[in-house]
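Chains A and B, in that order, give the protein sequences.
Quick note on the working numbering: the first sequence kicks off at 1 and runs consecutively.
Quick note on the working numbering: the second sequence kicks off at 276 and runs consecutively.
Mixed in with the good hints, there may be bad ones.
Claimed, not checked - Per the computed footprint, the stretches of chain A lying under chain B, defined by three or more beta-carbons under 8 Å from a beta-carbon of chain B, are:
(1) 115 to 126
(2) 137 to 146
(3) 243 to 249
Read the hints as simulated data drawn from the structure, not as lab findings.
Ideal placement from N, C-alpha and C gives every residue a C-beta, glycine not left out.
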Amino acid sequence: MKRKTMGNVLTYIILLLASIVALIPILWTFHLSIKPESLLYSLPPVWKFKPSLEHYVKVFTYYPFAKYILNSIIITTVSTLITLAVSFPAAYSIGRFKTGGGNFSFWVLSIRMLPPIVFAVPMFLLMQSYGLLDTWWALILVYLTFNIPLAVWILKSFIEDLPVECEEAAMLDGCSRLKAMIIITFPLIAPALIAVAILNFIFSWNEFLFALILTFTEARTVQIGVAEFVTGYAIIWGAIAAAGCIAIIPTLAFTMLARRYLVRGLTMGTVREEI
Amino acid sequence: MFMTSFWEEIGKDKTVKYLLIIPVIVALVGVVIYPFAYSIWLSLHDVTIMNYFHPPFSGVDNFVRVFSDPFFWNSIRVTFTYVFLATVMELLLGFLLASLMNRNVKGTAVFIYPLIAPLALSPVVVGLMFRMGLNRLYGPISYYLNLLNLPRNLLSDVNTALLTLVAIDIWQWTPFVFVILYAGLQALPKEPFEAALMDGASGRQRLRYITLPLLKPVLAVAIIFRIMDSFKTFDIVFILTKGGPGKSTETISIFIQRMAMVQGNVGLGAATTLLVLVLITVLTQVYVKYFSLGEKKR
């Protein structure tokens, strides 16, 4: 039994160390964001000081960071709503009737596998010719390319897990298929819709490449806002740290909240176990 | 009379199932098929920033030029090195952490939160975090490396730049493999392990003959997603090195971005994206079919 105790202690220590390694860069960035400007570049690095909020104030007063946050919220929300509206019926159809067979759903999955740069080149020119560059719509539409495959696959996995009997009972009572889908399946699948919305939010919020090439000033998102503090002349550490912390708070919070669905979400519903 | 038969027709399953996927098809035609068709057209024309809309037809010229561009092959090599190193390390570390977590030692459950935290961060913030940390003059990482007499200019050295990027990828995405394998391990049936213990199987034997075979479907998912996602890597490289020093960290995504966006050779960029598309499609199809991902396992 002594060997087992040793093993347990070792397990604990390794997991503790791994947790520290995972957290240190995040904590360091937060630490940096509340460090007074005068101490930012001191060597050796100063670890103890009186915290200050000056960088947060600066980010919101000297830079249009608030506008970037608003842009990001609007873009992610609208893109998510469109995604859910088109994906739920499709997921129902594929989940219940295997519409299009394996090939169609695998094709949808393979879109998720493509590098975004593949879309970037044609999208830039198309958005330019439709006059959508630097507007919310450019990113709302482009984000559908990864949001829809994610939503269809996750919702499909939830619908497959749902017993068919509930709908069949309703249909025996005279419901049409569509009505059964709306009044029986939809409410049962509501938690999944929320999970998908959260995952869509995380992926759209964190997106960088399309935001970089399709927006310039008006429709810039949070991620670009953070990266903008790297200028040709200097890297503004305090502002990057403060803006970076603001940018990661919502996704961190949502990840922890949606923990149950994290594995399903990350694997597009192909692994259904919860943690 | 007509109306009733119309609604009856719509009510039938075989009609409904097609009606329901129409919206998604319309959306995907708009944001996926159409841009791709356009990409094919672009790749067959000599498109530069000077003549976006009426470029001269150039046939397979762009493809020939891509294939004869040594930087293209360099970017393929860099990408495959990155994908291979990152995926292998993430699998090993992720499996180790998942197995340890799966021992359900008292007090370790809380570690799940820090261990999934890196997953939530945007690649931009991760990139900038490490860019500051590795800053040659003021970064704490390079400061402490210097105290230990280790090389400090990790990102500006051709020999270490790519490895540093891989290390950052490992930091952020080992948690991905970890959560998937942990979920998979927790769902494994207990009986085979008990039976094996009764028969006196060693730890290694149980791993080799029970855990790994049972975990295969979940492992397959973790592997394909990590391969595809690390293949895509753009943000981190763009933020940290933009492909440099030299071209030592120029992944395929950075290569295309440089071609099309920086140098304005849109036709060449489009041709390269199509080559990538073919490569990825073949890989996914083979892999997905081979492991029959997403099939209901009951």
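Q. Mind checking, does the stretch 115 to 126 of chain A have 3 or more residues with a CB under 8 Å from chain B?
A. Coverage by chain B holds here, the residue count being 12 at a Cβ distance below 8 Å.
Q) Are there three or more residues in the stretch 137 to 146 of chain A whose C-beta lies within less than 8 Å of some C-beta in chain B? A) This one holds; 4 residues, not fewer than the three required, reach chain B with a Cβ under 8 Å.
(Q) At least three residues with a C-beta closer than 8 Å to a C-beta of chain B: is that true for the stretch 243 to 249 of chain A? (A) holds (count 3)
Comparing the model with each earlier hint shows no violations; every hint is respected.
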